[in-house]
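Protein chains in written order, with numbering that gives the first Met the number 0: chain A, 0 to 94; chain B, 0 to 489; chain C, 0 to 511.
If you're looking for bench data, these hints aren't it; they were derived computationally from the structure. We put the beta carbon where it would ideally sit given N, CA and C, even for glycine. Treat the hints with caution; some may be incorrect.
To be clear about the criterion: a stretch of chain B counts as covered by chain C if any three or more of its residues have a C-beta under 8 Å from a C-beta of chain C, and this derived list gives those stretches [claimed, not checked]:
1) 83-97
2) 201-214
3) 223-237
Below 27 Å or equal to it, Euclidean Cα-Cα: the simulated DSS-like pairs (lysine-lysine) are [unchecked claim]:
4) K410(B) with K91(B)
5) K333(B) with K81(A)
6) K91(B) with K81(A)
7) K91(B) with K74(A)
8) K249(C) with K236(C)
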Amino acid sequence: MTLARDQVTHVAMLARLGLSDEEVERYRQQLDAILAHVDRLQQVDTSQVAETAQIGGLVNAWREDVRGECLPVEKALANAPKRRRDHFEVGAIQE
Amino acid sequence: MSGETVGELGARLRRGETTPGELAAQARSALAALDALHPVLRYTEALTERQAGRAAQMLADSPEQAGPLCGIPFAYKDVLCVEGVETSAGSKILQGFIPPYTGTALARLLDAGAVPVAVTNCDEFAMGSSNENSAFGPVGNPWDPSRVPGGSSGGSAAVVAAGAVPFSLGTDTGGSIRQPASFCGVAGFKPTYGRVSRYGLIAFASSLDQIGPFARRVADAAHVFTAMAGHDPRDSTSSPAPVEPVSEQLGRGVQGMRLGVPREYMAEGLEPGVRTAIAAALAQLEKLGATLVEVSLPSTEAALSTYYIIAPAECSANLARMDGVRFGLHVDRKSLTDTYLETRGQGFGPEVKRRIMLGTYALSSGYYDAYYRQAQKVRTLIAEEFDRAFETVDALVCPTSPIVAFPKGDKSDPLSMYLCDVLTLPVNLAGLPGISIPCGLSEGLPVGLQVIGPRLQDARVLRVAQAYEQATAWHTETPPLPPAVTGTPS
Amino acid sequence: MAHGDAALAAGGDGDAVMTVTSAVSTLDQVMQRWEPVIGLEVHGQLLTQSKMFCGCSADYIGSPPNSNTCPVCLGLPGVLPVMNRVAVEYTVRSALALNCEIPEHSKFDRKNYFYPDLPKGYQISQWDMPLSLNGHLTFTVDGEEVRCGITRVHLEEDTGTLQHAGDILQQARSSVVDLNRAGVPLMEIVGEPDLRTPAQAREYLVRLRQILVYIGVNDGNLEQGSFRCDANISLRKHGDTGLGVKVEVKNMNSFRAVHRALEYEIVRQGRLLDQGQTIAQETRGWVEAKGATISQRSKEYAHDYRYFPEPDLPPLHLSAAFVDRVRAGLPELPQQLAERLQREHGLSAYDAATITAEREDARAFEALVAAGVPAKAAANWLMGEVARLARETRIPLPGSGLGLDGLASLVKLVETGTINGSTAKELLEELYLAGGDPAAVVRERGLGQVSDQAELERLVDAVIAENPAAVADFRGGKEQALQRLVGGVMKATRGRADARVVTGLLRERLAP
Ligand SMILES: [Zn+2]
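So here's chain A without its partners, still in its complex pose (with noise of 0.2 Å):
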């Protein structure tokens, strides 16, 4: 199969990842090469098979409702590139 051009586009802004046209050209051939490769997968016979997300068997692993300490606001927001008093700022939400 082949990837096309807006296939990629359309990632990369599921991704929001700002890419060129130079970019989206190299990573349409590097994509689609990767893919070529890994649609060896589609031979294997899975019919059978469950699906694995984790591979150390274990379930139920929570703790219980107990209340722990907080951050300083100082040092929730030390690393905030942007910052209004105690808040992190972002721009305009909308386009």
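For chain A, the structure is supplied; the task is to place chains B and C with the ligand on it using the hints.
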């Protein structure tokens, strides 16, 4: 201190011949001398000083209670979070990020008195097999600076190989500890998935990632593993099973053990030098009393495809938090969407973008079943094949990598780079423990022997590796560091 | 003019279709031609101590911005979620109260999308294996029983909150993020599209909220958003079984808003369909001030949430024993309680429904009855004066100064004839907030009814002597004149006499 082991340094500390602070200072200058290889991104400065003081106090208070790592300097990969020390995951997008918390594995090492000295270079977000994907420049292999040290934990492997620190920490998602260990001629151990807490490890692929040590001796790797292993309530995937003491297994040899050799791992594609070294290593193990058995892992070929669906899929979500809001790079644009696009477009390097694209595609509507779901099913098959093999053998032995360290820039095509991991990534898919130890040289470059064990049999893997190590001298080979590296840094 | 019409008239959001006058139909007219199909999605925050995946407080209201956060709910690199057992239990409890099945196996998934209030870039939610499935809720509207299916009840994490520099999102130049709410356990209850009128939708929500509050998993606060509702609505021809194009309506933060928004949508969609236009599949927001829904069109890219199993959380395996234990811990549900109150205490259906509307009232009722207050009196006091004071003071009885015990003792003073009704009302008003023992206050102030027969007779005689005109009127056949005389006695006792006793005495004395 160059080249000394954890045991040797510990003995000197206890005899009062040196101090944790002195060892840290020596490690620091030894690391600085490696500048031309670029394995270090930053030094831990204040933390080093604090922790050296703490270790000295622990040794003074009760030298017999202080563990083997107390006062021992080490370096860790730039994906592990320690409060107050910048962690950037080898990426521009996280440059300047200072975690307000310390991850569990590091916290346990600090509690054991180990002294961090430096943060090591790595592939961006641990994605790569050559360390050429670091946003801060590639790392040179101490055996030949024009060649790669392997990846993604290339910096951690290089500093141990060069003798600057006795051990270091890396992470292994598809071979990122074992492959650089193989390329640099040191021991590199990936524990069972869930054996060492991932809390504080900047996630690449959550169901595959595992923290582990590099060392020049298997016993040293075992000490580090012991200090870090065990259940952590902060990591829901960490195993609650008790940790089997490694000391009870080490030194017991391989006499009477059945060791499996996966046929598919010895197939074409192995470099002749690698094949020769592995054949000799297998013969050595037989000489030590092990029985070699050929086993088959038929889904090996499908493992690469499985891995390159599952790991990118998980990473596409794991890296979504790099959005320029709470930390890291922020490229300001008029609209929110443009800010996201530019921040992430400029902040991530090409390989990271490639994998995010691949993973996003595999999860997207209409492709999920064909790619992600199918990969999860094949993952089941892969794990079952290992299980079946371990019904008849105690451990598997095989090459770590089909090739030795290659020249920088040699694998510019992503797929050819991915193929480097064919012998290591099935182990991650099955969540097994695996180690790479030096087993020879091919045209002057190290070859690694991989030992793989059943889940939670970490001690057995270390035991087999150590038995081989003690019967051979490959681990004593040191890189012939060229003058540019050994000389004073500019 | 029907309700919906009023809403439309007040609306005028610039939607071209709203200005078309030729096809103006009222809600009733639209509903004659079209059948609304309504399904509701409810999100309820769970009343746990800590958040869903970290130890920060689940009670974030009033905390300074970003003060209720930690590395986990900030979504910092390297952190991992650990699920809150009680949140799982509360969800199962809710699901059982809504007659759901609890599958043995369930899991969490990642729902991927970018938004500044979502720190990780994905929400941990449940996709194809939710905690519960196939429930239903039955209730009555206008005497008709309605059964609404519950598709599923699942568990997820809440997002943070955004504030915009301008008051309108579209105009805001910048927004700020507070993550105090991020990670609070959030239960999603997805209803089947089984509702046919705004009144049914409203009643469904009222009942659902009541159940969640009763079983102690949610505080039912629509205003603050701990109980939130989105609606899906489409119209179809009566008798059709297929579904029309559905519109999602958001931003309704009261039962009344849900009712009005749905009426508005029915009329809006009906008018469009009547004109032969098609309905756009979209999300619309209810704007209370305009009384209208407004399209939340934005340059949005097709949603593709790319759900996949959350690798950081092992799956859930809920044994039958676990489910049985949760079931055993379920308190009596409002409907059962109302039936029992009718059966055991002879309350009317209406009184029982009113008393059980709020769990606190039902508890108070039972406590009063247990303290010896007759059921009818307990119900009347609770539904009347106490309800009024609770509303006015915004403090429910159990938290008031008087408290349950105080009210019980007050009502008993009336029942035993120690004080009369108007004294009791005054005392209730006075002691509701201030508190105090009503019996002691009555004693201290001498508020007890004048029940000394000789004393009353003396007062009656005095009033008769002082009011010859009224006496003459009464004797002349004017019944009302007696009230003037009773009033005179009450005035003399400062209201402490039993009016019935006084009336009797007066009739006796004035008998011909
Ligand atoms: Zn938190």
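Okay, the hints, checked on the actual structure:
Counting residues of the segment 83-97 of chain B whose CB lies closer than 8 Å to any CB of chain C gives 4, so the stated coverage by that chain holds, three being the minimum. Counting residues of the segment 201-214 of chain B whose beta carbon lies closer than 8 Å to any beta carbon of chain C gives 5, which meets the minimum of three for the stated coverage. Counting residues of the segment 223-237 of chain B whose beta carbon lies closer than 8 Å to any beta carbon of chain C gives 5, which meets the minimum of three for the stated coverage. Only pairs whose Cα atoms come within 27 Å are accepted, and K410(B) paired with K91(B) is accepted, the gap being roughly 23 Å.
Between K333(B) and K81(A) the CA atoms are separated by roughly 14 Å; this keeps the pair inside 27 Å, and the hint holds. Between the alpha carbons of K91(B) and K81(A) the distance comes to roughly 17 Å, so the proposed pair stays at or under 27 Å and holds. For a cut-off of 27 Å, the pair hint linking K91(B) to K74(A) stands: about 22 Å separates their Cα positions. Only pairs whose Cα atoms come within 27 Å are accepted, and K249(C) paired with K236(C) is accepted, the gap being roughly 25 Å.
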